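In order, the protein sequences belong to chains L and D. Sequence positions in the first sequence follow our numbering and run 16 to 421. Sequence positions in the second sequence follow our numbering and run 16 to 421.
Treat the hints with care, since some could be wrong.
The list makes no distinction among identical chains, and a pair is therefore deemed to hold if it is satisfied within one copy or across any two copies.
[Said to hold, decoys possible] Heads up, simulated DSS-like pairs for lysine-lysine below, C-alpha to C-alpha not over 30 angstroms straight-line: (1) K156 with K170; (2) K371 with K156; (3) K147 with K354; (4) K354 with K405; (5) K156 with K376; (6) K271 with K139; (7) K228 with K393; (8) K371 with K384; (9) K271 with K170; (10) K131 with K405; (11) K228 with K365; (12) K228 with K384; (13) K384 with K131; (14) K376 with K139; (15) K393 with K170; (16) K156 with K228; (17) K371 with K228; (18) K365 with K376; (19) K139 with K354; (20) K354 with K271.
It should be emphasised that the hints constitute simulated quantities derived from the structure, not laboratory data. These numbers were taken from a predicted model, which means no experiment stands behind them.
2 protein chains.
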Amino acid sequence: MRMVVHMAGSSSTQGLTAVVAAPGTSVSQSSGKITCGLAAAVPMRSESRPLSSLRFICGRQVAGVSFGPAPGLLAKSKTGAVAALSPFVVNTAQVVEEVEKLSREKVEESHKFDLKDFMIAKAKVVNLALDKAVPLQHPVKIREAMRYSLLAGGKRVRPALCLAACELVGGDEETAMPAACAVEMIHTMSLIHDDLPCMDNDDLRRGQPTNHKVYGEDTAVLAGDALLSFSFEHIARETTGVPADRVLRVISFLGKAVGSEGLVAGQIVDIASEGDSSVDLETLEYVHIHKTAALLEASVVIGAIIGGGNEEEIDRLGQYARYVGLLFQVVDDILDVTKSSAELGKTAGKDLLADKATYPKLLGLERSKEFAQNLTVKAKEQLSIFDQLKAAPLLGLADYIANRQN
Amino acid sequence: MRMVVHMAGSSSTQGLTAVVAAPGTSVSQSSGKITCGLAAAVPMRSESRPLSSLRFICGRQVAGVSFGPAPGLLAKSKTGAVAALSPFVVNTAQVVEEVEKLSREKVEESHKFDLKDFMIAKAKVVNLALDKAVPLQHPVKIREAMRYSLLAGGKRVRPALCLAACELVGGDEETAMPAACAVEMIHTMSLIHDDLPCMDNDDLRRGQPTNHKVYGEDTAVLAGDALLSFSFEHIARETTGVPADRVLRVISFLGKAVGSEGLVAGQIVDIASEGDSSVDLETLEYVHIHKTAALLEASVVIGAIIGGGNEEEIDRLGQYARYVGLLFQVVDDILDVTKSSAELGKTAGKDLLADKATYPKLLGLERSKEFAQNLTVKAKEQLSIFDQLKAAPLLGLADYIANRQN
Chain L
16 MRMVVHMAGS
26 SSTQGLTAVV
36 AAPGTSVSQS
46 SGKITCGLAA
56 AVPMRSESRP
66 LSSLRFICGR
76 QVAGVSFGPA
86 PGLLAKSKTG
96 AVAALSPFVV
106 NTAQVVEEVE
116 KLSREKVEES
126 HKFDLKDFMI
136 AKAKVVNLAL
146 DKAVPLQHPV
156 KIREAMRYSL
166 LAGGKRVRPA
176 LCLAACELVG
186 GDEETAMPAA
196 CAVEMIHTMS
206 LIHDDLPCMD
216 NDDLRRGQPT
226 NHKVYGEDTA
236 VLAGDALLSF
246 SFEHIARETT
256 GVPADRVLRV
266 ISFLGKAVGS
276 EGLVAGQIVD
286 IASEGDSSVD
296 LETLEYVHIH
306 KTAALLEASV
316 VIGAIIGGGN
326 EEEIDRLGQY
336 ARYVGLLFQV
346 VDDILDVTKS
356 SAELGKTAGK
366 DLLADKATYP
376 KLLGLERSKE
386 FAQNLTVKAK
396 EQLSIFDQLK
406 AAPLLGLADY
416 IANRQN
Chain D
16 MRMVVHMAGS
26 SSTQGLTAVV
36 AAPGTSVSQS
46 SGKITCGLAA
56 AVPMRSESRP
66 LSSLRFICGR
76 QVAGVSFGPA
86 PGLLAKSKTG
96 AVAALSPFVV
106 NTAQVVEEVE
116 KLSREKVEES
126 HKFDLKDFMI
136 AKAKVVNLAL
146 DKAVPLQHPV
156 KIREAMRYSL
166 LAGGKRVRPA
176 LCLAACELVG
186 GDEETAMPAA
196 CAVEMIHTMS
206 LIHDDLPCMD
216 NDDLRRGQPT
226 NHKVYGEDTA
236 VLAGDALLSF
246 SFEHIARETT
256 GVPADRVLRV
266 ISFLGKAVGS
276 EGLVAGQIVD
286 IASEGDSSVD
296 LETLEYVHIH
306 KTAALLEASV
316 VIGAIIGGGN
326 EEEIDRLGQY
336 ARYVGLLFQV
346 VDDILDVTKS
356 SAELGKTAGK
366 DLLADKATYP
376 KLLGLERSKE
386 FAQNLTVKAK
396 EQLSIFDQLK
406 AAPLLGLADY
416 IANRQN
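Just chain L, with the same shape it has in the complex (with noise of 0.2 angstroms):
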């Protein structure tokens, strides 16, 4: 990849000339020249970058940079060619293959780094549009209840995924948040139904008591199901802006990633496997695929439904989104033998304790982290036909499912 960039000061990109400089090099300007150690100067595209952009790529590393016109460049540039930034660079073929490297891994990590914003930044609209979704009103016990557990601040990994998704067919965020809170609203019934006594018994949930602690268990069910029917009801209601035949869609796909062939499935699955030794590999594959990647797939498949992505585009989106799913099980099953209860904001090591089929338990812990390191490769290059830059949000959020800690 070549990384292209604006030069500060530019007024048209068109064939203009970059300079990209490599991290701990040190770059300096004054009287109109530009001093570096190394650095090349490349052609721009019209879809270069802005010279924040740039910043970001070099990031810390590198010290005092600034940057502006270079006067003996632009005369060069205007052929095309690359050019090298002299007299400092002997070899242009050279430096340019460097600064290309630089660029893959700066862009690499750029996902990461890009993602934290992009996390924290979706996370924060999200959390503004539940908050709306659902005010406290009569009767408020009900409501506090479907708060409580709605808004204590989970990852929205859900939510992201469906506004990247959205915004990478070319659709705009407003138009998949009626969505992307849906997936959340869901996300959480399953939470508070799955924790209640008759089903994992759990006390802990994103650090905080579970929702029957709390509310007691008959507010907990209803919260849920409050929740559910009101998931469905905000896309039928809020999603402005989107043709009616493709909300319908929408609230179709989703419905069945949730109920007995999706989400209910398995977790039915996954129940009447608890404490059967015989549970093999297939079984374990069809409880995570249902029971997680399916809410996720949904998350990633309505984003691009309402952004007004094509077929292959759906399709391609979909069979990431399914494989970061069932990567999401597999890193939850490795976090639940390698973490503590206070790492991960919920009761860690209960898996072992249920005696639960696990990838770690069928596989080993090693291979288990390898096939999670597969289903990483094998999500990305689903997204081969999106340009990657655009879909630096969707390659990052399956490194960080991958890397989670919590």
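With chain L held as given, fit chain D onto it using these hints.
Relative to chain L, chain D alone:
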């Protein structure tokens, strides 16, 4: 109301004369002459009902009825005037009045009789549609649990209301069938969750052990969740021949009726009211309006939306359904204290045992019955804008709900 009917053998309804015989009247015909004790000939209307209706109206009280053309009367009828069937009737006006009174009584009675056929017919198609909508497939256990409660032979009041409303405003039964199935799925979900040990802790429902008694609490929670999400999916996926924006309006309305502004709101206030001796009529009405009336209202309103009803029709039907919904619960309260578990098919006397606020407790049994009667009248008044013959199913359903015995 003037009862008008086809005469047997008539090829045209305009300008012909109908014979309406009073119950208990012997009517015979030979050689083109009609012989009867009390009858009237009235002008035909274009929307007059077929002969079968007359048979039905006179019903079992008329022995040996037979109808045929009465040449002597046809000439008179062409004037459009009410004609006496001489020589058997002396005072035409009196006979017409008596026959009209009889017609009114018989039409009212016919609702009940019609309704029985109507309810059986609707329950049959709804049961077939529900069976088809949730086939037995992997994972079998959750499907079995869903089907166990869904196909337990309820009266299908809500689907019948939905289909009747659709047909009343000119829609086809088939277009409203997915929505009709959806309201039954939601109703079933609410029963399964309501029966859970952490809620009403009930052992008996529709004459059978409750869902969690058969499948366990965890599966019962999940079966409810699956039915709830599937209800919305089913409407979105299966409703055909209806503009997509209308289907979205249906989903939106239905979601509101189920969640924390509808059914769940009613349940949470109901739970909070248990053992609270200060619960007043206002709170009780809030509970019933939300816990029961909201879904009945939704059933009717979404049927009307799908059927293409105009805003006044949808509004009137909504008001009708709110009265009927409240009526439904008032009658439920009354039945709880007047019937046995065997008669109800569920545990009787529960409200008394739980010292719950009910209409009989707050108003007394007699005033509760009067209140139910008033609600029935008000509900029917809302239907005055419709053709009363076409509204017969909904008029009859109000009577049915008022007079139901379980």
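Hint by hint, here is what the structure shows:
Taking identical chains as interchangeable, the C-alpha atoms of K156 and K170 lie at most 30 angstroms apart only when both belong to the same chain, with a minimum of 25 angstroms there against 33 angstroms between chains. Taking identical chains as interchangeable, the C-alpha atoms of K371 and K156 lie at most 30 angstroms apart only when they sit on different chains, with a minimum of 20 angstroms there against 35 angstroms within one chain. In this homomeric assembly, K147 and K354 never come within 30 angstroms of each other (Cα to Cα): the closest approach is 35 angstroms inside a single copy and 46 angstroms across copies. Taking the closest pair of Cα atoms, K354 and K405 never come within 30 angstroms of each other, the shortest separation being 34 angstroms inside a single copy and 67 angstroms across copies.
When the C-alpha separation of K156 and K376 is checked against a cutoff of 30 angstroms, the pair qualifies only between copies, where the shortest distance is 26 angstroms, while the shortest distance within a copy is 41 angstroms. For a Cα distance limit of 30 angstroms, the shortest separation of K271 from K139 qualifies both inside one copy, at 28 angstroms, and across copies, at 26 angstroms. For a Cα distance limit of 30 angstroms, the shortest separation of K228 from K393 qualifies neither inside one copy, at 40 angstroms, nor across copies, at 45 angstroms. Taking the closest pair of Cα atoms, K371 and K384 come within 30 angstroms of each other only inside a single copy of the chain (18 angstroms); across copies the shortest separation is 56 angstroms, beyond that limit.
In the homo-oligomer, the alpha carbons of K271 and K170 lie at most 30 angstroms apart both inside one protomer (24 angstroms) and across protomers (28 angstroms), since each shortest distance falls under that limit. With identical chains, the CA atoms of K131 and K405 are at most 30 angstroms apart within one copy only, with a shortest distance of 16 angstroms there and 62 angstroms across copies. Within a single copy, K228 and K365 get their C-alpha atoms as close as 18 angstroms, and across copies as close as 27 angstroms, so both meet the 30 angstroms cut-off. When the C-alpha separation of K228 and K384 is checked against a cutoff of 30 angstroms, the pair qualifies neither within a copy, at 34 angstroms, nor between copies, at 42 angstroms.
With identical chains, the CA atoms of K384 and K131 are at most 30 angstroms apart within one copy only, with a shortest distance of 23 angstroms there and 64 angstroms across copies. In this homomeric assembly, K376 and K139 never come within 30 angstroms of each other (Cα to Cα): the closest approach is 37 angstroms inside a single copy and 50 angstroms across copies. For the identical chains of this complex, K393 and K170 are intra-copy neighbours only, at 23 angstroms inside a copy versus 52 angstroms across copies, given an alpha-carbon limit of 30 angstroms. For a Cα distance limit of 30 angstroms, the shortest separation of K156 from K228 qualifies both inside one copy, at 14 angstroms, and across copies, at 29 angstroms.
Proximity of K371 to K228 under the C-alpha cut-off of 30 angstroms is found in both arrangements, the shortest distances being 24 angstroms within a copy and 25 angstroms between copies. For the homomeric pair K365 and K376, the shortest alpha-carbon distance inside one copy (13 angstroms) is at most 30 angstroms, but the shortest distance between copies (49 angstroms) is not. Proximity of K139 to K354 under the C-alpha cut-off of 30 angstroms is restricted to the intra-copy arrangement: shortest distance 27 angstroms within a copy versus 56 angstroms between copies. Proximity of K354 and K271 under a CA criterion of 30 angstroms is satisfied in neither setting, with 33 angstroms inside one chain copy and 41 angstroms between copies.
Hint compliance for this structure: hints 3, 4, 7, 12, 14 and 20 are not met, and every other hint is.
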